[in-house]
Amino acid sequence: AAGVIQSPRHLIKEKRETATLKCYPIPRHDTVYWYQQGPGQDPQFLISFYEKMQSDKGSIPDRFSAQQFSDYHSELNMSSLELGDSALYFCASSPRQGRTDTQYFGPGTRLTVL
Amino acid sequence: GEDVEQSLFLSVREGDSSVINCTYTDSSSTYLYWYKQEPGAGLQLLTYIFSNMDMKQDQRLTVLLNKKDKHLSLRIADTQTGDSAIYFCAESPTAGNKLTFGGGTRVLVKP
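Chains A and B, in that order, give the protein sequences.
For the first sequence, this note's numbering begins at 1 and goes up steadily by one.
For the second sequence, this note's numbering begins at 1 and goes up steadily by one.
Hints listed in this document are in silico derivations from the structure and should not be mistaken for laboratory results.
Glycine included, every Cβ here is placed at the ideal spot set by N, Cα and C.
One should not assume that every hint holds.
In silico negatives: residues of chain A with every beta carbon more than 10 Å from chain B [stated by the list, open to error]:
no., residue
1, A2
2, K22
3, S80
4, L83
5, G108
To give an idea of the interface, some chain B residues facing chain A are shown, with a C-beta separation under 8 Å as derived from the structure [to be verified]:
no., residue
6, A41
7, N97
8, L99
9, F101
Use the sequences and the hints to build the structure in full.
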């Protein structure tokens with residue numbers, strides 16, 4: 001079965017650089033969520049989109065922005081990177097139609113900021 | 001706000017049953033989930049339960065929900081070495097909403 005695809009899987013950036021993370025949801029899933037998991041931490045919700053509109057916002061820094069495109073893929077843009085941004089970034093998708101709200105997670109993008 | 005708590009660590013012998021516990025504070029939690037994370041890997045959905053259920057069984061997994069005490073547990077029968085991982089419980093108050101995770105329970109299965 002198709003899963004959530006995230007790219008790149010690993011990313012190394014310098015402080016103050018920018019990064020773009022991409023997420024391709026499971027086919028026919030119209031809701032996308034982004035989470036950040038710091039070392040030894042539990043995942044923290046950043047932002048979500050439903051039908052290309054932002055549906056909820058969590059602890060996402062102002063330096064970060066995200067959007068969902070017409071093909072339902074989503075991109076997380078991160079600017080002025082800081083050392084503390086080093087984390088595993090997960091994307092999850094869920095189908096609205098079933099209303100079970102079951103979120104399926106991608107493998108994550110490991111971002112290292114040097 | 002929501003708060004989800006789990007014990008940090010569980011050690012169990014291969015073949016025994018494991019029980020991982022989780023408590024939550026949000027009484028409006030409607031959907032409760034268990035995810036498994038192996039080292040350096042993503043979050044694998046194991047099972048979920050709706051708040052109008054008391055129990056759900058799925059092969060070796062049994063989820064028990066005590067809504068009055070806001071207590072959720074995951075029992076893994078016949079625990080195998082491949083079950084060694086971090087297990088996260090998570091809750092969501094409504095469909096389409098964000099997940100709030102517990103801190104994770106690291107399960108170590110000893111041969």
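Hint check:
1. A2: Non-interface label stands for A2/A: nearest chain B Cβ at 15 Å, farther than 10 Å.
2. K22: 15 Å, holds
3. S80: S80/A is indeed farther than 10 Å from all Cβ atoms of chain B, at 25 Å.
4. L83: About 20 Å separates L83/A from the closest Cβ of chain B, which puts it past 10 Å; holds.
5. G108: Non-interface label fails for G108/A: nearest chain B Cβ at 5 Å, not farther than 10 Å.
6. A41: OK, holds: A41/B within 8 Å of chain A, min 7 Å.
7. N97: Hint holds; N97/B Cβ to chain A Cβ min 7 Å, cut 8 Å.
8. L99: Hint holds; L99/B Cβ to chain A Cβ min 6 Å, cut 8 Å.
9. F101: 4 Å, holds
The structure does not agree with numbered hint 5 stated previously, though it agrees with all others.
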